[in-house]
Amino acid sequence: MSRRLAWCLFAAAAGALLLLFLVPLWSVLRGGFFEDGAFTLRYLAGVFRNPIYAEGLRNSLLIALATTACATGLALPLAWLADRHDFAGKRALTGLVLVPMILPPFLGAIGFQQLFGQYGAFNALLGLGPVDWLGRGGMAGVVALQALALYPVVYLNAAAALANLDPALEEAAENLGCTGLRKFFRITLPLIMPGVFAGGILVFIWSFTELGTPLLLNFTRCAPVQVFDALKEIGADPFPYALVFVLLAAAVLLFAGGRLLFGRRGHAMTSRGISAAAPRRVRGWRGALCALPFAAVIGVALLPHVAVILTSLSEPGAWYRSVAPAGLTAANYAEALGHEMTVGSIQNSLLYASLAVLMNLVLGLAIALVVVRSDLPGRGLLDTAAMLPLAVPGLVMAFGYLAFSNRLSNQEWVKESPFWQSLLDVRANPTLFLVVAYSVRRLPYMVRSAVAGLQQTSVTLEEAAQNLGATPLRTLRRVTLPLIAANLIAGGMLAFAFSMLEVSDSLILAQREDHYPITKAIFELFQLIGTGPFLAAALGVWAMLFLGTCILGASLILGRRMGALFRV
Amino acid sequence: MAARLRTGAILVLAALLLALPFALRPAAQAEDWRPGDPRLSVITPHNQAIRHEFARGFSAWHRERYGRPVQVDWVVVGGTTEISRYLVSEFVAAARAWWRSRGQPWPPGAAEALLAPEASARGASTAAAAALRAAFRGTDDASAFTSGLDLFFGGGEYDHRKAFEQGLTVPPWPDGPPARLLATAGGEELIPERAWGETWRGDTFFGTALSSFGICFNRDRLRDLGLAEPSRWEDLADPSYFRQIGAADPTKSGSAAKAFEMMIHERMAAEVAAAGFGAAEVEGLEAAIRARGASVPAAYEEALERGWRAGLELVQRIGANARYFTAASQRVPFEVAMGEVAAGITIDFYGRFQAQFTPEGAARLGFVTPAGGSSVSCDPVSLLRGAPHRETAVRFLEFVLSEAGQKLWCYRPGVSGGPQQHALRRLPIRRDFYPSAVAELQAAYEGHRPWLADDLGDPAVDPYVLAARFSYHARWTAEHFHVHRDLIRAMCLDSAAELQAAWESILRHGGPEANGAAMAELRRLPDRPEGLSWRSALRIVREHRRLDYLREWTEFFRASYRRARELADAAGAP
Numbered sequence: 035m036s037r038r039l040a041w042c043l044f045a046a047a048a049g050a051l052l053l054l055f056l057v058p059l060w061s062v063l064r065g066g067f068f069e070d071g072a073f074t075l076r077y078l079a080g081v082f083r084n085p086i087y088a089e090g091l092r093n094s095l096l097i098a099l100a101t102t103a104c105a106t107g108l109a110l111p112l113a114w115l116a117d118r119h120d121f122a123g124k125r126a127l128t129g130l131v132l133v134p135m136i137l138p139p140f141l142g143a144i145g146f147q148q149l150f151g152q153y154g155a156f157n158a159l160l161g162l163g164p165v166d167w168l169g170r171g172g173m174a175g176v177v178a179l180q181a182l183a184l185y186p187v188v189y190l191n192a193a194a195a196l197a198n199l200d201p202a203l204e205e206a207a208e209n210l211g212c213t214g215l216r217k218f219f220r221i222t223l224p225l226i227m228p229g230v231f232a233g234g235i236l237v238f239i240w241s242f243t244e245l246g247t248p249l250l251l252n253f254t255r256c257a258p259v260q261v262f263d264a265l266k267e268i269g270a271d272p273f274p275y276a277l278v279f280v281l282l283a284a285a286v287l288l289f290a291g292g293r294l295l296f297g298r299r300g301h302a303m304t305s306r307g308i309s310a311a312a313p314r315r316v317r318g319w320r321g322a323l324c325a326l327p328f329a330a331v332i333g334v335a336l337l338p339h340v341a342v343i344l345t346s347l348s349e350p351g352a353w354y355r356s357v358a359p360a361g362l363t364a365a366n367y368a369e370a371l372g373h374e375m376t377v378g379s380i381q382n383s384l385l386y387a388s389l390a391v392l393m394n395l396v397l398g399l400a401i402a403l404v405v406v407r408s409d410l411p412g413r414g415l416l417d418t419a420a421m422l423p424l425a426v427p428g429l430v431m432a433f434g435y436l437a438f439s440n441r442l443s444n445q446e447w448v449k450e451s452p453f454w455q456s457l458l459d460v461r462a463n464p465t466l467f468l469v470v471a472y473s474v475r476r477l478p479y480m481v482r483s484a485v486a487g488l489q490q491t492s493v494t495l496e497e498a499a500q501n502l503g504a505t506p507l508r509t510l511r512r513v514t515l516p517l518i519a520a521n522l523i524a525g526g527m528l529a530f531a532f533s534m535l536e537v538s539d540s541l542i543l544a545q546r547e548d549h550y551p552i553t554k555a556i557f558e559l560f561q562l563i564g565t566g567p568f569l570a571a572a573l574g575v576w577a578m579l580f581l582g583t584c585i586l587g588a589s590l591i592l593g594r595r596m597g598a599l600f601r602v
Numbered sequence: 002m003a004a005r006l007r008t009g010a011i012l013v014l015a016a017l018l019l020a021l022p023f024a025l026r027p028a029a030q031a032e033d034w035r036p037g038d039p040r041l042s043v044i045t046p047h048n049q050a051i052r053h054e055f056a057r058g059f060s061a062w063h064r065e066r067y068g069r070p071v072q073v074d075w076v077v078v079g080g081t082t083e084i085s086r087y088l089v090s091e092f093v094a095a096a097r098a099w100w101r102s103r104g105q106p107w108p109p110g111a112a113e114a115l116l117a118p119e120a121s122a123r124g125a126s127t128a129a130a131a132a133l134r135a136a137f138r139g140t141d142d143a144s145a146f147t148s149g150l151d152l153f154f155g156g157g158e159y160d161h162r163k164a165f166e167q168g169l170t171v172p173p174w175p176d177g178p179p180a181r182l183l184a185t186a187g188g189e190e191l192i193p194e195r196a197w198g199e200t201w202r203g204d205t206f207f208g209t210a211l212s213s214f215g216i217c218f219n220r221d222r223l224r225d226l227g228l229a230e231p232s233r234w235e236d237l238a239d240p241s242y243f244r245q246i247g248a249a250d251p252t253k254s255g256s257a258a259k260a261f262e263m264m265i266h267e268r269m270a271a272e273v274a275a276a277g278f279g280a281a282e283v284e285g286l287e288a289a290i291r292a293r294g295a296s297v298p299a300a301y302e303e304a305l306e307r308g309w310r311a312g313l314e315l316v317q318r319i320g321a322n323a324r325y326f327t328a329a330s331q332r333v334p335f336e337v338a339m340g341e342v343a344a345g346i347t348i349d350f351y352g353r354f355q356a357q358f359t360p361e362g363a364a365r366l367g368f369v370t371p372a373g374g375s376s377v378s379c380d381p382v383s384l385l386r387g388a389p390h391r392e393t394a395v396r397f398l399e400f401v402l403s404e405a406g407q408k409l410w411c412y413r414p415g416v417s418g419g420p421q422q423h424a425l426r427r428l429p430i431r432r433d434f435y436p437s438a439v440a441e442l443q444a445a446y447e448g449h450r451p452w453l454a455d456d457l458g459d460p461a462v463d464p465y466v467l468a469a470r471f472s473y474h475a476r477w478t479a480e481h482f483h484v485h486r487d488l489i490r491a492m493c494l495d496s497a498a499e500l501q502a503a504w505e506s507i508l509r510h511g512g513p514e515a516n517g518a519a520m521a522e523l524r525r526l527p528d529r530p531e532g533l534s535w536r537s538a539l540r541i542v543r544e545h546r547r548l549d550y551l552r553e554w555t556e557f558f559r560a561s562y563r564r565a566r567e568l569a570d571a572a573g574a575p
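Protein chains in written order, with my numbering: chain S, 35 to 602; chain L, 2 to 575.
Hint data in this document are derived by calculation from the structure and do not stem from the laboratory. On a predicted model such as this, the values are computed, not experimentally measured, just so you know. Among the hints, a few may not be true.
What the hints assert, rightly or not - Derived CB-CB ranges, DEER-like:
no.: 1; chain 1: L; residue 1: Arg-543; chain 2: S; residue 2: Glu-374; range: 45 to 55 Å
no.: 2; chain 1: S; residue 1: Val-357; chain 2: L; residue 2: Arg-224; range: 20 to 30 Å
no.: 3; chain 1: S; residue 1: Ala-360; chain 2: L; residue 2: Gly-177; range: 37 to 47 Å
As the list claims (entries may be wrong) - Pulled from the structure, derived: some chain L residues nowhere near chain S, Cβ distances all over 12 Å:
no.: 4; residue: Gly-177
no.: 5; residue: Gly-285
no.: 6; residue: Leu-539
Unchecked claim - Away from chain S, derived, C-beta distances all over 10 Å, residues of chain L:
no.: 7; residue: Ser-212
no.: 8; residue: Gly-340
no.: 9; residue: Val-395
no.: 10; residue: Ala-498
Here a beta-carbon is modelled for each residue, glycine too, at the ideal position from N, C-alpha and C.
Please build the complete structure, drawing on both the sequences and the hints.
Right, here's the structure in full:
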């Protein structure tokens, strides 16, 4: 890539990040640094002087390290098994392996309580009486639940990396006597490291800032819960913004450290896919042995999903001291899907999430090209900035966009024009800001996937195309994009699924029923006392099935056309 | 071929899934609202059922009176904390644009000055900021600046009072509310201004419904634990409730904080009574103190101090038993119904509602408002500054305070004047919906009675009966509102792990009675930044920075609890 083009892409991407992410973020965080209009570091010093917050950060770091290790430990063997073997049930299992990541918000807690609560299914099944499993989950419980929910992120990236692998290199190793585990650790793992790092770092930062699971297990001594508690406290205290700043700074340092340790340039391959060795067919008990780890991991990871499905079919309060609900009903579905806000919310979500993924593709690819294919001095900074959205609490970002929209919508030129109002005033129409919010918050998935893809693909293929007279755009379209399509689809699928399930921005920015996305509709149903959680479960299950079908469909359709993609 | 079939099947499945909600979509109802008819923009934490019924009810009422229906645009951004932040963000942005359009610079610290409760408060230190503040508070004109919102409906009295202090709300009627809204034709008061220490209406906010905090409990879980049904807050301090209580978080909800204040207030009343001060004498003493800051008998103040400590100990014991303190207030009754916790501290209508949707209903789930232990607070509505549809907004206020609006809270769905689809099961604020010694009010109650979803005449439900059991003295605890919130946070939330570990150890080694030293350590109150007592508390929060005293308190409690645990372990060691 020419330096001029690289600079153009750099400027565009950095400008977009500055305008769409850093400016709205700072408009909120500055509250932690100004007092009566004067700059102060008092609140920031307060974070460091308080051992309670130091403990929170330490615990979050431990949770993130352990979750990443566990999720990678679960995902890597599965990705390798699927890549190298063909066994009965593989299609279904590799499709299902991604499903744990599409648990709709608010409902996971109910699922777990129905299963492992004192009057839950597990105690009823074993006749144990009211044993309290969830009460003492602590940090280990948080790690276990998060690893089971997040391993698909590593799996997806590792699977894409394995699909990119040139088997000739492994064959060469075998010819030279390097086989078995030695081959895996000396050849395969280093070659797929960009993909593993891409997934691992996403899981790491995600679990470092994850709020829902610690709240479910009442584990309050970690930084995200401390931020949430401070933000939700009555009375406006600027302290939480200083705490968010520290959380962000810690995430940046950790990402930079991780990048230094594991994320160095990968080993690019000049051939991929086209020379892929066919996976080995394994039948009989060997096939079953391959399927077993999949079934075990998926079985455990999908337990809350199954519980949510059963809850959605349960008469309110009928799943009580029993293995399954005592009374089943379809009424929750009829009421939830037939609710006046449901259809609109589905249409809105599809629109917001699709546009967000499109925007992600463009922005993510531009950033990845600069990071991998250029030697510009600030590219590491750009890469780090693109990871930051993952570490910002949703509530903070949502209020940042709100303040941004407020400022714009109070300009005379906006007030006077219905067009600008409907574009820039979230009160009139939040579409633009929701798309930007979803897109920015999910940008890290796309950037990591695209970076991993580019790192694994040799630049010589693009140079060859340009030597033969192709323009940079044509090279991108005909050579680069097809070569990293698996990675882009992986990132796009994650971005789409998580955009559909995005909570904080949806709750704050979509203020009127006409604009609700599906997560806000689920939240609204959840708020109805008595029947609420059951109706929310019904709509949540619908969202789960729809997203599951989309993901399965995407991997099937694209997998067939692109041969080696995910080897599904 | 097989692959194509599979792909086809997936596509068909996706299409079917997508089609399902469309198929089940309710038929569009004939809308009589037309562009050009009035609109209203209301920000609210109320749920969809309440929003639906009030939008429909108000539109019909408006059409009947003024000939045109109204479209209510509900603005929903989350709970009251989010609404608070949202309103501040909207008003500051609008004021900034307005101020600059007048050619004035936006001075440093302007936002703080704008919102500071007192003109002399921090922020308005510069002349420019003071001028801005005065101009902002002197303007209520949508053509100057507007948040785009007309009303703030729902939340707690704390949230509306705060919005008022920030200058975000204004009095709807220049000469005060119309008399017909506040009193019957016969002159009987319908909505008291203050009731038993609670403010039910102010200059800018008006209570529309009432609620109290109580205990929701699961009878099956109580049987498992060998516990009797709770009826007082003290019952929740029983060691058998260890890790079996769910509580609303007093640091995140003004009304939950009020419930904890009432627990402390109740203990203070008990100590004062035990010290020999009768109710009449207490009233006299408090009136004298209010009137002239009279000197108070030392024994009286000592009794209050002891009561305050006893109240904190009660809160601490409940905290030691609590499984969690949650910001998601519906979580508590739901988890009680599931048996995930045995009992919970929750708002009355959540408790009643949950029982309705629980199989076996009252056989599984119970709710009690502790006798004399809970005050009754209101759910207000306020008019926002610069309301773009001011006239319609004032009519909405009239509607919710009128008999027609009040019926929506408590009538059965489908009956004449009641809600259309959802029973809201809330307690209306007007006295003519409850039994009364006043014939006019009693007659009105009798008229409503056949249509009510709940028996509002039940003394366990009637908020006027519940509130009357409670004798509230603002001097005892009202000024301590923020102290209590911070203290509970340091004592029970931020030190929860240490508190529960100590409590568990004490219980394992024979209980509180057998562990005198450990209990004494557990009960200690912070001695830094200075010794904490009922009398010193207000000074501490005034003279020290919140970040500092919160840190000191939390560190103190954690260390105390660790020592208490060690003492209990040592005493229990063979």
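Hints, verified against the model:
{"no.": "1", "hint": "L:Arg-543 - S:Glu-374: 45 to 55 Å", "verdict": "holds, 51 Å"}
{"no.": "2", "hint": "S:Val-357 - L:Arg-224: 20 to 30 Å", "verdict": "holds, 21 Å"}
{"no.": "3", "hint": "S:Ala-360 - L:Gly-177: 37 to 47 Å", "verdict": "violated, 56 Å"}
{"no.": "4", "hint": "Gly-177", "verdict": "holds, 29 Å"}
{"no.": "5", "hint": "Gly-285", "verdict": "holds, 35 Å"}
{"no.": "6", "hint": "Leu-539", "verdict": "holds, 16 Å"}
{"no.": "7", "hint": "Ser-212", "verdict": "holds, 13 Å"}
{"no.": "8", "hint": "Gly-340", "verdict": "violated, 3 Å"}
{"no.": "9", "hint": "Val-395", "verdict": "holds, 22 Å"}
{"no.": "10", "hint": "Ala-498", "verdict": "violated, 7 Å"}
The earlier numbered hints that this structure contradicts are 3, 8 and 10.
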